[in-house]
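A.B. asks: The lines below spell out each chain.
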Amino acid sequence: MLLGWRRLLSKRKLMLGNEAIANGLMENGCAVAASYPGTPASEILSSFAALDRKRPDQRHIQWAVNEKVAFEIAYTASMTGLRAAVSMKQVGLNVASDPLMSAAYLGVRGGFVVISADDPGPHSSQTEQDSRLMAMMAKIPVLDPDSPRQAKEMVKTAFELSETFEIPVMLRPTTRVCHARQDIEQGNVLQNKRDVDFQKDPARWAATPKFRLQLHRELEKKLDAVSRYQKTAPIRLYNRAKSSKALVVSGVAAAHSKEILKDLNLRDVIPMYQVLQPFPLHQDFISHMIDTYSNILVIEETTGIVEMQFADRHRVKGKLTGSVPAVGELLPETIQKIIGKFAEIDIMDIDLPSEPGVRPTLCAGCPHRAAFFAIKKAAPKGIYPSDIGCYTLGLNLAAVDTVLCMGAAVSQAAGFYHAYKHETKPPDIVATIGDSTFFHAGVPALIDAVVQRVGFVLVILDNRTTAMTGNQPTPAVGTGARGETLNPVDIEGLVKGCGIQFCRVGDPYRLNEFIALLKEAVKYGRKNGPAVVISRRSCLIDRMKEETPGWQPVKVEITDTCDGCGFCVNHFECPALVLNQNQEKVRIDTLLCNGCGVCISVCPKKSIKGIKNPV
Amino acid sequence: MNNSMSQQIVISGVGGQGVLFVTRILAEAAILKGLRVFTSETHGMAQRGGTVLSHLKVGSFSSPLIRAGNANGLLALKANSLAQHGYYLKPGAWAVVNSSQEIKPGSELLVYTVGAENLAQQIRNPKSLNLIILGFTLAAIPDTIKNRLFCHLEDIKTVLQHRLGKKKKLLDDAVNAVEAGYNAFVAI
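Top to bottom, those sequences are chains A and B. Quick note: the first sequence uses my numbering, first residue 1, plus one each step. Quick note: the second sequence uses my numbering, first residue 1, plus one each step.
Calculated directly from the structure, the hints in this document are not laboratory data. Do not take every clue at face value.
Quick list of in silico lysine-lysine cross-link-like pairs, BS3-like style, CA-CA up to 27 Å [to be verified]: (1) A:337 to B:90; (2) B:90 to A:341; (3) A:54 to B:90; (4) A:242 to A:262; (5) B:146 to B:33.
Chain B is faced by these chain A residues, among others (derived, beta-carbon under 8 Å) [what the hints assert, rightly or not]: (6) 12; (7) 14; (8) 40; (9) 179; (10) 182; (11) 183; (12) 186; (13) 188; (14) 189; (15) 192; (16) 332; (17) 357; (18) 359; (19) 390.
Computed Cβ-Cβ distance ranges for the label pairs, DEER-style [unchecked claim]: (20) B:170 to A:320: 50 to 58 Å; (21) B:102 to A:419: 54 to 62 Å; (22) A:187 to B:108: 43 to 51 Å; (23) B:170 to A:421: 54 to 62 Å; (24) B:117 to A:187: 39 to 47 Å; (25) A:322 to B:124: 55 to 63 Å; (26) B:102 to A:565: 30 to 38 Å; (27) B:6 to A:350: 52 to 60 Å; (28) B:183 to A:552: 34 to 42 Å.
No residue lacks a Cβ here, since even glycine has one placed at the ideal position from N, Cα and C.
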């Protein structure tokens, strides 16, 4: 048996859902792909880039500055006849919604797949929004995979559907598809068709409102035809069951339901249908269900999209009727309870304990922690708007007051400024934003703040990477998705280009100097309008990081003067500083400590000492 | 090949401990044995030191998640993981817990403890406690019980060789850690 292990492990590969989608792109001749990283979608593009490195074929694969730009680049490639895809998380689709709505009217030439990954739970997002509703609003078809394997198959279906009807097609995986792994066979790679040919047609590609009305009519016709397309029609599972009741399931809820029906011995009792294309729901299917069953239960995530397309409200139950919870992830335990009730069988009720768990925290030695500590020193009574990224965890340090959406730190700082500016003593405002987020959506807001003379300090936490989502390069790094060298964009130049007069760079590891710099910026901001401080220090867990020249990790130790006051633990919150309940002194966890040495300056009693490294 | 093999294992710990790596090694061992496999992982912010939970299902499954009361086993990389995630286990299931103190099982469970941090210090590879616990599990769970493991020490070594074959030092360290865990149980 051992003879075959290499073959076994390379033929059937353990694929992450996102990797399976990337393999689908590879196998179906996708020539252009763009993305902005976001959990749970990030690994789609990085996996595609990795596959391309092994088998290059004149593809273009890139991280874009934001989802709107990514969408427009990929969409335009499809206008030239190439197959193209854009991938993002669900809130990224909000950013790309402007081109999405318009592209639906104009249609496509080469197959164009919009991959928007939803996050019911939410595990790693600010909302539980359902991208399928966005597909409905844009009037484009959407496919709902139940597993990594099906997600890969659906990439093929999506390209075919898109080319058959000249329409953008959405693939909507959820976290449990993106971050599941399954053994999947790798297929053959289709040579991408490189017949690039943009056919000028201003009445279509540059349609004015008058032509748009006609395009809208055509779009409705396309949708009508899509709702009869056999390849994406719902499938009836386990043919033997006969009942006046039926289950309709979609996406991961379908995956859970299949297993639950088996375990409850209901496969031969209750008919079950799996919807592959939740919008537009197939017309024949709607008629068949309403004609055949008097009691239909729909289980889907996160909104009742399939459910709302059944016109008969008396026969259909789901999210809209309160039969299925409208909020939160549909865990298999919940689905089991719902199906049991629907089938009128007794299910042993299992109480799921609420898991307190361990809260996430910035890594030991993370430069963001030092920057937050300094901000609290420089503007102790300030308001601290912040943004989306690892640094949202500045919450633990009470140095983050608001998190709205990508780029909002800058405009919220402006909002606070304008709200308070007529008060006699307005508060200091110090906003934090990551380097990648600043490029993504912070720049227009900063221009606005310059114009409006908003008195605040913007701290750009420049760790030279997009850390939270797995260290993708930012525009300042000048590296591509495949590791290729590109042009870097200089953050200082960009800030000054926005019209900022006070723009200074500091190293948060040099804590006292950094606090002094921030104090200066705060003072400037009160009188003169916006000031920017770039807090520059590479992310510790970025494998591509550039080391700061001349810097070496510092070994630290706790001296006898430590009285266990807990200041460092409470206000600096480094996981390497440990003070257990019955201990009198703080202890350094040497396994976790990364030697930033910042805590030496943090301790008010000077009880943390750096040991000179023997050379 | 045993096609009726069906096993559900929960692996729990905190971000940075290598929960995802152990899950992958076990999943690849399943592929090596010609078995179907399905896992579900925690990504994103929780990986910054928060609670991380993996589900591993070997055999014919359609759902990526294990339902409460259905797991055959639990690998707990933190001592309190058993209290936190024990509800996934079915009666008669096993749990291997990283703890230097003995833990008395509350219900009908087979609980083994291993002081993985100490072992990791002994082999001078402090970040290898995930593999030590894996090795210990491979030795501890007897083949005679209904909830026996689907793979053995040799399978894991083969997978490690496949994954790390080109990186000699990493491979040697990984195999050492798995063996240290394995031998720690054998020595009891």
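A.B. asks: Run the structure past the numbered hints and jot down the numbers of the failing ones, going up.
C.D. replies: 3, 12, 13, 14, 15, 27
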